[in-house]
Amino acid sequence: MQTGQSIAEGPTSSGVSHYTTAVGEPDRATLVDIFTRATLIRLCGNRFASVIRSGRIAAPYYSPRGQEIVSAAMGVALNSDDYMITIYRGLHDHLAKGVPLRELWAEYAGRATGSCKGKGGPMHITHPASGVVVTTGIVGSGIPIANGLGWASLVREDGKVTVTSFGDGASNIGAFHEGLNLASLWKLPVIFLCQNNRYAEHTSYELGTASPTIAGRSTSYSMPGVRVNGNDPVEMWKACRVAIDRARAGEGPTLIEAMTFRFDGHVFGDSGDYIPKEEYAEALANDPVPAFRKSLLEGGLAAEEELAAIEADIEARITDAVEFALASPYPEDSELRLDVLLEEVEP
Amino acid sequence: MNAATDTNVRMITGPEATNMALDEALAADPHVLVFGEDVADGQGGGIVHGTKGLSAKYGDLRVRSTPISEQAILGAAVGAAVAGMRPVAEIMLMNFLTVGMDQLVNHAAKIRFMSGGQTGVPLTIRTMSGAGGGFGGQHSDMLEAWLAHVPGLKVVVPSDPTEWKGLLTACIFDDNPCVFIESTMMVMSGMKTPAPEPGYSIPLGKANVARVGTDVSVIGYGRPIADVHSLAERLGREGISVEVIDLRTIAPLDMKTVLASVAKTKRAVIVHEAVRSFGVGAEIAAHINEDLFGQLAAPVRRVASKNTPVPYSSTLEKAFMWSEANLESAVRSTLTGK
Chain A
1 MQTGQSIAEG PTSSGVSHYT TAVGEPDRAT LVDIFTRATL IRLCGNRFAS
51 VIRSGRIAAP YYSPRGQEIV SAAMGVALNS DDYMITIYRG LHDHLAKGVP
101 LRELWAEYAG RATGSCKGKG GPMHITHPAS GVVVTTGIVG SGIPIANGLG
151 WASLVREDGK VTVTSFGDGA SNIGAFHEGL NLASLWKLPV IFLCQNNRYA
201 EHTSYELGTA SPTIAGRSTS YSMPGVRVNG NDPVEMWKAC RVAIDRARAG
251 EGPTLIEAMT FRFDGHVFGD SGDYIPKEEY AEALANDPVP AFRKSLLEGG
301 LAAEEELAAI EADIEARITD AVEFALASPY PEDSELRLDV LLEEVEP
Chain B
1 MNAATDTNVR MITGPEATNM ALDEALAADP HVLVFGEDVA DGQGGGIVHG
51 TKGLSAKYGD LRVRSTPISE QAILGAAVGA AVAGMRPVAE IMLMNFLTVG
101 MDQLVNHAAK IRFMSGGQTG VPLTIRTMSG AGGGFGGQHS DMLEAWLAHV
151 PGLKVVVPSD PTEWKGLLTA CIFDDNPCVF IESTMMVMSG MKTPAPEPGY
201 SIPLGKANVA RVGTDVSVIG YGRPIADVHS LAERLGREGI SVEVIDLRTI
251 APLDMKTVLA SVAKTKRAVI VHEAVRSFGV GAEIAAHINE DLFGQLAAPV
301 RRVASKNTPV PYSSTLEKAF MWSEANLESA VRSTLTGK
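Chains as they are written, first to last, in this note's numbering: chain A, 1 to 347; chain B, 1 to 338.
I should point out that these hints are in silico values taken from the structure, not numbers from a laboratory.
Given the structure is predicted, the values throughout are model-derived calculations rather than measurements.
Hints are not guaranteed to be accurate.
[Stated by the list, open to error] Only part of the chain B face toward chain A is listed, based on derived beta-carbon distances under 10 Å: (1) Leu33; (2) Gln71; (3) Ile73; (4) Leu74; (5) Ala77; (6) Gly84; (7) Ala109; (8) Ile111; (9) Met114; (10) Pro122; (11) Leu123; (12) Pro151; (13) Asn176; (14) Gly205; (15) Asn208; (16) Pro252.
Built from N, CA and C at the ideal position, the CB exists for glycine as well.
Using the sequences provided together with the hints, build the complete structure.
Right under this line is the structure:
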């Protein structure tokens, strides 16, 4: 496992600013927590794929397989009442932030017991109790929304941090630039978490993004920007902690570019033919969840029995959630009258 | 309005109505936030001074100028509203709303529904538009039909400064996303009507029977209402009794009031500043057809601006715009069948 040295020294790419704040090393409990959340994401994703394949749930599924560590580390570093805004590829962020499995699965299945009563679906999972306040299906749109939550926190002095999660493709949308500019001007307690998985739909980073790094774009907005190995739990957790501490201290926003990879293409069923075979093979050889598991064992931080018990518990909870979701009723048609406005409407 | 002739009554302009409504709301509720391009006192308190004095009174944290950045403004309004605040954002002119339409259409309008009612978006967007001032194609469009076509938004258009104050107050304290469309020409002409009492609020979603009549219903909203009143006054002297319906709120549309009026008069003319095609007039005419077919004494008429971009040249702009003369001939034709 990397020690996170690159964080302390700052990335080497030109134009990327360096951290000035230091954080300590994550303790054992923190690492096990990151592993547990990452495993939950991995196993839940695997189950979605098998349930969708079986035809029991028909849902558009944007798999985060390969990006688990990024969200798990952020989820551990945040408080449960901090805000998270994520995107259609958001399962990892939802689970890492604490959205309950039953409500999540029931929402994927379009049932009345889902977190959004079946009215939002996978692309719009919302669970304010976990801090997941917005999930958007529009690339880049969560970025300016995060500023409003951050502004509200400044007005209320509630000490909350808002994280807005997005992909590398979103950094080419105007909303990214407008959002970072305003956040920096207003010194908002917002963290812009770019999960650079190398592909925007089917277009590679190099074909779609003129800048050598996304982190480097932060310099245009006088904001710290760091590029980290998002698949390294220690490096990722430290980057999150530094940014969170800055935000809570009133020092303003940070852009984190977490380098990662997306194993299951853009949407479930995507063959991924546009990804060079060598690139895919190399990423798979460094599959972050098994690699983290191995490092915990080899570092003597966890025993095989402990990790196996965590995995077995998660599998059981997922099975319970699947059964709950599939046994739940669909929403009544009368739901169309509700939630269009606060007051009931005649649709 | 009789009060207008009483010299003791304070008269207000549209921007003064804005100021009254915002001042009251900021004082009454710490969740109210006001922001937009140039709204703080350091930047003049708004291009037409509607927000003058508010940042001095309530501080720069609650009343903030923004960069020219409509996606950032509208996105921040959505986020602040989701966090439980009552943001009032200014988008200087309605055409600039198009730059940030994603936030309004995909987020403000849908977040309550998509979250199953867990989160709401109690924001207000103030914006200004309308042709007649020589501002050409990109500073004059009335786009209320676009917005009204999106379920989840409330769309409000005041017909004079008194109404402006009451409807803006209602928008700010409504728990749904509201777009409040102010009239550039109402501001430029310096139109004044009596200042209402503090706290004055007009319920949203309810049309106003602004003048009772029996021969024909004229249904409109916003700036044309003043001209509809003067036409009704003139026709009244000929013995033609015009009922004037001021919609106040375009969405939700109060068809109940409109249908009750048309059921009585059997004749309807709809007037709006926006271009005719696919407009609010078409929607109202369709409703009247569905509910009152067979009871009408004449076809429903629409008076609207022509279906072109807003032209610059004053002669062309005049030819483009709806006019009181068009309205008069439409009203007369519903009465005579010619």
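Do the hints match the structure? See the list:
For B:Leu33, the interface hint holds, since its Cβ comes within 10 Å of a Cβ in chain A; the closest pair sits about 7 Å apart. Below 10 Å, beta-carbon pairs count as interface contacts, and B:Gln71 has one with chain A at about 5 Å; its hint therefore holds. The closest approach between the C-beta of B:Ile73 and any C-beta of chain A is roughly 8 Å, which is under the 10 Å cut-off, so the hint is satisfied. The criterion of a C-beta within 10 Å of any C-beta in chain A is met by B:Leu74, whose closest approach is roughly 7 Å, and the hint holds.
Hint status for B:Ala77 relative to chain A: holds, with the closest Cβ pair at about 6 Å, below 10 Å. Given the 10 Å rule on beta carbons, the hint for B:Gly84 holds: about 7 Å separates it from the nearest Cβ of chain A. For B:Ala109, the suggested interface contact is upheld, since its CB lies about 9 Å from the closest CB of chain A, less than 10 Å. Against a cut-off of 10 Å between C-beta atoms, the interface hint on B:Ile111 holds, since the closest Cβ of chain A lies about 7 Å away.
A cut of 10 Å between beta carbons decides the hint on B:Met114: the least distance to chain A is about 4 Å, and the hint holds. Interface hint at B:Pro122: satisfied, since its Cβ lies 8 Å from the closest Cβ of chain A, which is below the 10 Å cut-off. Using the Cβ-Cβ criterion of 10 Å, the hint placing B:Leu123 at the interface with chain A is satisfied: the shortest such distance is roughly 9 Å. Interface hint at B:Pro151: satisfied, since its Cβ lies 5 Å from the closest Cβ of chain A, which is below the 10 Å cut-off.
Proximity of B:Asn176 to chain A holds as hinted, the smallest CB-CB distance being about 5 Å (cut-off 10 Å). Because the closest C-beta pair between B:Gly205 and chain A is about 9 Å apart, less than 10 Å, the hint holds. The closest approach between the C-beta of B:Asn208 and any C-beta of chain A is roughly 20 Å, which is over the 10 Å cut-off, so the hint fails. Given hint, B:Pro252 at the interface with chain A, holds; its Cβ is 7 Å from that chain's nearest Cβ, closer than 10 Å.
The structure is inconsistent with hint 15 alone, although it conforms to all the rest.
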